[in-house]
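Engineer: Sequence:
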Amino acid sequence: MAVSQQYPNMNHKRKRQPDKPAQNPLQAKRIKLLETRKHLPIWPKQSAIHTALAHHDVLILSGETGSGKSTQIPQFLLDQPYCKPRKGCAGKIAVTQPRRVAAISLARRVAEEMGSPLGSASPGSRVGYSVRFDENTSPGTRIKYLTEGMLLQEILRDGALGEYGCVVVDEVHERSVNVDLLLGFLRGLVRGKRKGGLKVVVMSATAEVEALAKFFDESAGETEAMIGGEGEVPQVTDESGRDDDEVSWNGFEDPDEASQGTGAINGTHNAVASSPTQSARIYVEGRQYPVTTKYLDTPADELEEAALQRIFALHTKEPLPGDILVFLPGQDRIHSLQTLVEEFAQSLPPDIPKLQVLPLFAALPQNQQQRIFQPAPPRTRKVILSTNIAETSVTVPGVRFVVDTGLVKIKQFRTRLGLESLLVKPISRSSADQRQGRAGREAPGQCHRLYTKSAYDALESHSAPEILRCDLASALLTLKARGIADPLNFSFLTPPPLSALQKALLHLLHLSALSTTGSLTPTGRQLSRLPLTPALARVVLEAAKPSLNCLHPIIDIVAALSVENLWLNPDTEEGRERAAEARQALMSREGDHLTLLAAVRGYVAEASDRRRWAEAHMISHRAMQSVMDVRKQLLAQCQRADLFRHQDTVAAETTSSTTMELSQTEPILRSLLAGFAAHTARLCPDGSYKTFVGNQTVGIHPGSVLQGRKVEGIVFSEFVYTTRAWARNVSVVRLGWVGEVLG
DNA sequence: AACAGTAAT
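Letter 107 of the first sequence, counting from 1, is numbered 107 in the working numbering, and no numbers are missing.
It should be emphasised that the hints constitute simulated quantities derived from the structure, not laboratory data. Note that the coordinates shown come from a computational prediction; the quantities given were computed from them, not determined experimentally. Any given hint might turn out to be false.
What the hints assert, rightly or not - With a cut-off of at most 27 Å between alpha-carbon atoms, the simulated DSSO-like pairs for lysine-lysine come out as follows:
id: 1; residue 1: K425; residue 2: K545
id: 2; residue 1: K453; residue 2: K425
id: 3; residue 1: K409; residue 2: K503
id: 4; residue 1: K195; residue 2: K84
id: 5; residue 1: K294; residue 2: K317
id: 6; residue 1: K214; residue 2: K195
id: 7; residue 1: K409; residue 2: K425
id: 8; residue 1: K425; residue 2: K411
id: 9; residue 1: K317; residue 2: K354
id: 10; residue 1: K409; residue 2: K354
id: 11; residue 1: K87; residue 2: K193
id: 12; residue 1: K317; residue 2: K214
id: 13; residue 1: K411; residue 2: K545
id: 14; residue 1: K294; residue 2: K214
id: 15; residue 1: K214; residue 2: K193
id: 16; residue 1: K84; residue 2: K38
id: 17; residue 1: K453; residue 2: K294
id: 18; residue 1: K632; residue 2: K545
id: 19; residue 1: K710; residue 2: K690
id: 20; residue 1: K690; residue 2: K503
id: 21; residue 1: K425; residue 2: K354
id: 22; residue 1: K195; residue 2: K87
id: 23; residue 1: K294; residue 2: K425
id: 24; residue 1: K84; residue 2: K193
id: 25; residue 1: K84; residue 2: K411
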């Protein structure tokens, strides 16, 4: 949760302090902020929280937007006995966040509230943060905000997390894969009675406390998470078992029932002094303005049409100020609604304020995304057409009206087919409520749902946690590398189907990350250290072999593959033609991977103005900057792992890109095959491509440079199902090479 | 003509 989300009134006018002897400005700020802190809903709960953690190892804290929990809880805990340095434990506090920006902005805010410098600014700084590419801590750090992934990395170094006396896990209701893995590890540490003791605070929006309490409280039985031991697991076999791709998830209990559990503490001193393994619960209310919610009487035939009507009804009836935020499933429908609204806006009578339509989605170039933060021209209402990016990741200012189509695009991994599908689906009730809340951040608001009340009631209470929707190979490798001998019996908050776990183990076996007995191989250990999917990490290791000798170009390609949306996606026909022309010089006949390599090399070689180079090639400068970060990190890690020892570095650095293509194309494509042997297809007489493994028909994605080409074989690093099965990021391979890797 | 929800190591 971003700081700005928790402090709707953060920009209130500050009272001038009476004149005092010269004061440290950090302390002056701290004293001013203290007044604001005292008015947060969480403030009066401080003693209840202390009592709860004095008697329990686990506290489940539920509270909605505006309670102040993300900033205040760590400060409340700081002077408690379990946050004192002691034998086997440095007593620090870790606070995990699902997003980097949230970790950074919360750390910044808490440092201000504590009157402390931030991170490495001073050795005495008591607040820091740690996110990928940006570690900002000092020897004095007592409170560390970090992303979930960073804490998992710390578990790799120290399975007991001896640095911390308390771990606070925030935004658990979002149920990212990483938070689910962390909860399993933390449960193991608390139950395993870690040396020095460990307190865990799990923070969530209200609904799921019952399931969380059960997870931490239920007797361990036979499925304890074991850290530090590498044992035997059942034989990995090729039988895929029953097909349960279509997982239905029951969700959590009703919030009303959940708050009435046996261990509940309702904000007073009545802590239940039961076994410390029993978790405590505290509920804290949020702080939001009221939002009036309206439904359709009958389902809409055409959503864009219904949205258009609602937007114009609001615009003509409601006085300014008050912008409109519309939730749509994807870029295409945002664009079509934008066209409709802009056409209609031209027919508005001159006495009515103007409309400014602003699209918002992650792939949108940064400068266009920034437009939502700029004030509209006078007598103009903004209409923001957004994907679910505005649900949690971006807070749009000025919104008083939300229009919700009730749809979202969801990625689901299909275990049996080995592909991801990206499909438009109805949102969950909690998602609908989250969207509704976006209307009440600055003033009382309205939410207009473009579906009926009964449709809302029929929605799933929560969306399925990511761990039920993703390829589990990466998660299982994470578990194995952190000493979980038998990941099939790991304590998952929501255990994935056995068939999905087995399929992932098999994939890891094929990548030589696991042995046939299921133990982690030296290769598997190396793969787990790279910040890549197991398949891409395997490609990197393959390229480092002396026989292939192409680590430098493979790092460039892999870095580009692990970043989304390198190519800008114009929304007009003319734009698409311009883009094709701009990219002509980078295009490789060998496919998308060598085209990506040419793009990365071109950008690296550009000495004067890289932003202009990116714009001229219709490439996202922001994406390219992250490619540079990933590339740098991979180069450093490969250096540290001594993977460059067999590499001909002189040749890689001095050869021009064209010469390189001739000499290194084959080893590059062969390296890709080592990670993506199952993502290969051959050309059939009817002109279609069919996969070698599974014999499925697959189309070359319209965005590929190989689109429309007929070659004997292809390898692809992404396999997605949308309107049909598509191969994305595709390269040309010889049938003989595929035969070699498939045996 | 077809196509890309959102995070993260």
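Engineer: Please go over all the hints and tell whether each is borne out by the structure.
Structural biologist: Taking the hints in turn, this is what the structure says about them:
no.: 1; hint: K425 x K545; result: 44 Å, violated
no.: 2; hint: K453 x K425; result: 17 Å, holds
no.: 3; hint: K409 x K503; result: 25 Å, holds
no.: 4; hint: K195 x K84; result: 14 Å, holds
no.: 5; hint: K294 x K317; result: 15 Å, holds
no.: 6; hint: K214 x K195; result: 24 Å, holds
no.: 7; hint: K409 x K425; result: 6 Å, holds
no.: 8; hint: K425 x K411; result: 10 Å, holds
no.: 9; hint: K317 x K354; result: 13 Å, holds
no.: 10; hint: K409 x K354; result: 31 Å, violated
no.: 11; hint: K87 x K193; result: 14 Å, holds
no.: 12; hint: K317 x K214; result: 49 Å, violated
no.: 13; hint: K411 x K545; result: 34 Å, violated
no.: 14; hint: K294 x K214; result: 36 Å, violated
no.: 15; hint: K214 x K193; result: 19 Å, holds
no.: 16; hint: K84 x K38; result: 25 Å, holds
no.: 17; hint: K453 x K294; result: 8 Å, holds
no.: 18; hint: K632 x K545; result: 20 Å, holds
no.: 19; hint: K710 x K690; result: 12 Å, holds
no.: 20; hint: K690 x K503; result: 21 Å, holds
no.: 21; hint: K425 x K354; result: 33 Å, violated
no.: 22; hint: K195 x K87; result: 8 Å, holds
no.: 23; hint: K294 x K425; result: 21 Å, holds
no.: 24; hint: K84 x K193; result: 18 Å, holds
no.: 25; hint: K84 x K411; result: 43 Å, violated
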